[in-house]
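Undergrad: Chain by chain, the residues:
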Amino acid sequence: MSESEKPVCLKSYFRLCAVVFLVVVCTTSAMIATSFSHIGEGWTLKVALILAIAVVNAFLVAGYLMHLLSEKKLVYTVLAFTVVFFIGLMGLTVWATNGFPPGTVNH
Amino acid sequence: MEIPYTIQIRPDTGLYNAKLGIWLFLASEVMLFGGLFSAYILLRVGAEPGMWPHGWLNVTLGTVNTLLLALSAITTLLAWAACKVRDFRKFKIFHACTILLALTFLGIKSFEYHDKLIHYEVQLTNGKFADGHLIEKSTDFDLAKKSGTVTLHGRIVDDERDLMDLRSPAAQSAKLDEVTITAADIKKMENYGPKHNTFTAIYFTLTGLHALHILGGTIVIFYLWAFGGAMWKTDPERFTNRIEVSGLFWHFVDLVWIFLFPVLYLT
Chain Z
1 MSESEKPVCL
11 KSYFRLCAVV
21 FLVVVCTTSA
31 MIATSFSHIG
41 EGWTLKVALI
51 LAIAVVNAFL
61 VAGYLMHLLS
71 EKKLVYTVLA
81 FTVVFFIGLM
91 GLTVWATNGF
101 PPGTVNH
Chain A
1 MEIPYTIQIR
11 PDTGLYNAKL
21 GIWLFLASEV
31 MLFGGLFSAY
41 ILLRVGAEPG
51 MWPHGWLNVT
61 LGTVNTLLLA
71 LSAITTLLAW
81 AACKVRDFRK
91 FKIFHACTIL
101 LALTFLGIKS
111 FEYHDKLIHY
121 EVQLTNGKFA
131 DGHLIEKSTD
141 FDLAKKSGTV
151 TLHGRIVDDE
161 RDLMDLRSPA
171 AQSAKLDEVT
181 ITAADIKKME
191 NYGPKHNTFT
201 AIYFTLTGLH
211 ALHILGGTIV
221 IFYLWAFGGA
231 MWKTDPERFT
241 NRIEVSGLFW
251 HFVDLVWIFL
261 FPVLYLT
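Note that the protein sequences, when read in sequence, are chains Z and A. This note's numbering applies: residue 1 is where the first sequence begins, and numbers increase by one. This note's numbering applies: residue 1 is where the second sequence begins, and numbers increase by one.
Hints may contain errors.
[To be verified] Restraint-style ranges between C-beta atoms, simulated for each label pair:
#1 A/Lys-146 with Z/Phe-21: 49 to 59 Å
#2 Z/Phe-81 with A/Leu-176: 27 to 37 Å
#3 A/Asp-87 with Z/Gly-42: 47 to 57 Å
#4 Z/Ala-80 with A/Lys-195: 21 to 31 Å
#5 A/Glu-160 with Z/Phe-81: 18 to 28 Å
#6 Z/Leu-16 with A/Thr-149: 53 to 63 Å
Think of the hints as simulated: they come from the structure by calculation, not from any bench. Quick caveat: nothing in here was measured; it's all calculated off a predicted structure. Using N, Cα and C, we set each Cβ at its ideal position, and we do this for glycine too.
Next up, chain Z with everything else stripped away, as it sits in the complex (with noise of 0.2 Å):
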């Protein structure tokens, strides 16, 4: 049964919004915190340290508030595709960002 199905209690709901927010102003508090901070040489241990935390955040929101981690199987599968998709997509990205064609003209 996914979460939307069963029985629900506002309460319970009151408790876990409140949690769920507080993790929120927590993990936004540490991206600007890691953002103006002195780590590393410039920014690429910044960008992977604010990223993983927003990825944390990101989990809290699709796990409990979107209830994904109660949810029904085809939900699963789709969203499966389309992460290799995703990953596809950005690993292209990253492929090409070591290989700009020959002539390639930065303004």
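Put chain A on the given structure of chain Z with help from the hints.
TA: Showing chain A alone in chain Z's frame:
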């Protein structure tokens, strides 16, 4: 004619039709925004060293918008939960909050856009750059005829690279003042609109598309909020499913912002 599987679970999918539909739609949305994030990565790594902007966007306003969207995602979930326990009054209250939060988000975004559109970079004939927010243009100001003056609240720098990293110690310590420039001294003048550089182009594209999603979602949520009473009386289960589907879309819009905020404002 009755539309099948608006309430009942379809045996072969385990879902009602609208829920499967919204998940398929969201999957396509992931690829749409994924393509734009891909463009962002290519533009960023393809920029010349020192020419990718940092600190151009207002982190405080971005943070406020992040929290507003997170709150609106929560009120959306609570609105759905209120429908599940058959409390229409609470549903109305929670979704009214969602609509207000969404409109506030759009208001802040509009303010940020306006701030960029009145921010000018002026290339001077002596090779220097003036940069700042427009205070006024003289009534006879005409760049083509080289007549009149323009006044900015900003500064003049020797190199355009000095304008790229606004978080650098030099930029942080720079004193902003009123700068008046005669049209005859201007080689090129443009605001920080989408055509200014690749950063502003991808910034306006990504946030503009996201704002359109917010606007679309708000219209749907408003419709359900304002005109949903009739369906609630005759078919509350179906109405609750509609709230769930619109909520899933709204959570997705929040998810996109969770990545847009750090990518554009913090890195």
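Undergrad: Can you let me know if the beta-carbon spacing of Z/Leu-16 and A/Thr-149 is within 53 to 63 Å?
TA: Hint holds: Cβ distance 59 Å, inside 53 to 63 Å.
Undergrad: Could one say that the CB atoms of A/Asp-87 and Z/Gly-42 fall in the range 47 to 57 Å?
TA: With a Cβ separation near 53 Å, A/Asp-87 and Z/Gly-42 satisfy 47 to 57 Å, so the hint holds.
Undergrad: Are A/Lys-146 and Z/Phe-21 spaced within 49 to 59 Å by their CB atoms?
TA: holds (56 Å)
Undergrad: Does the Cβ pair A/Glu-160, Z/Phe-81 satisfy 18 to 28 Å?
TA: violated (45 Å)
Undergrad: Could you say whether the range 27 to 37 Å given as a hint is met by the Cβ separation of Z/Phe-81 and A/Leu-176?
TA: Given range 27 to 37 Å: violated, Cβ gap about 51 Å.
Undergrad: Taking the Cβ atom of Z/Ala-80 and the Cβ atom of A/Lys-195, is their distance within the range 21 to 31 Å?
TA: Violated: the Cβ-Cβ distance is about 40 Å, outside 21 to 31 Å.
Consistency with the previously given hints fails for numbers 2, 4, 5, ordered from lowest to highest.
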